[in-house]
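Undergrad: Sequence:
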Amino acid sequence: MSNQTFLSVWDAIEDTPEQAENMKLRSVLMMAIKDHIVRAEMSQAQAATCFGVTQPRVSDLMRGKINLFALDALVNMAAAANMRIEIRVLDAPVKRSAGTKSVKTAAGGKHAATAKKPAADKPATKAPARRNKSGVKADAHAH
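Mapping the sequence shown onto the UniProt record's numbering, position 78 (from 1) lands on 78, and the numbers just tick up by one.
Read the hints as simulated data drawn from the structure, not as lab findings. Cβ atoms here follow ideal geometry from the backbone N, Cα and C, with glycine treated the same way. One thing to keep in mind: the hints can contain errors.
What the hints assert, rightly or not - Calculated lysine-lysine pairs in the DSS-like style (CA-CA distance at most 27 Å, straight line):
1. Lys24 - Lys34
2. Lys24 - Lys65
3. Lys34 - Lys65
Said to hold, decoys possible - Derived DEER-like restraints, expressed as beta-carbon distance ranges:
4. Gln44 - Val94: 37 to 45 Å
5. Pro93 - Asp72: 20 to 28 Å
6. Arg39 - Lys65: 19 to 27 Å
7. Ala70 - Asp91: 21 to 29 Å
Construct the entire structure; sequences and hints are all you get.
TA: Right, here's the structure in full:
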């Protein structure tokens, strides 16, 4: 049995990284559209009219049938509902090796980043002294 870890369920179950990325985007869009329908308290028929699709198509979306929806179809549905879509493209996670530490990405996943030392010509930045409520410096070694 393999002891692999993945950043996403899609990374684990899809055959290629390209397929996994496509599924991640489709999943995010489907959840956002479904949340929009719920928040707006729309019936499936109303949502279908809004998105320019059939009611059974909305039913498939609500039931999470991701394989029935292409990325462009989901973008079209979101745009028809006046939803704003933003895309951020980030560098791929770096495989962890010696001299690296794990850090969280903006998307909530983790990737490895090389630990950097301060430059020799620049002194390390020192944190400002802590002050109590009166504005007096707090002594870190006070007993």
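Undergrad: Each hint should be assessed against the structure and marked as holding or not.
TA: Hint check:
1. Lys24 - Lys34: holds (15 Å)
2. Lys24 - Lys65: Given pair Lys24, Lys65 holds - Cα atoms ~14 Å apart, limit 27 Å.
3. Lys34 - Lys65: holds (12 Å)
4. Gln44 - Val94: 37 to 45 Å: holds (44 Å)
5. Pro93 - Asp72: 20 to 28 Å: Since the Cβ atoms of Pro93 and Asp72 sit about 26 Å apart, the hinted range of 20 to 28 Å holds.
6. Arg39 - Lys65: 19 to 27 Å: holds (21 Å)
7. Ala70 - Asp91: 21 to 29 Å: Given range 21 to 29 Å: holds, Cβ gap about 26 Å.
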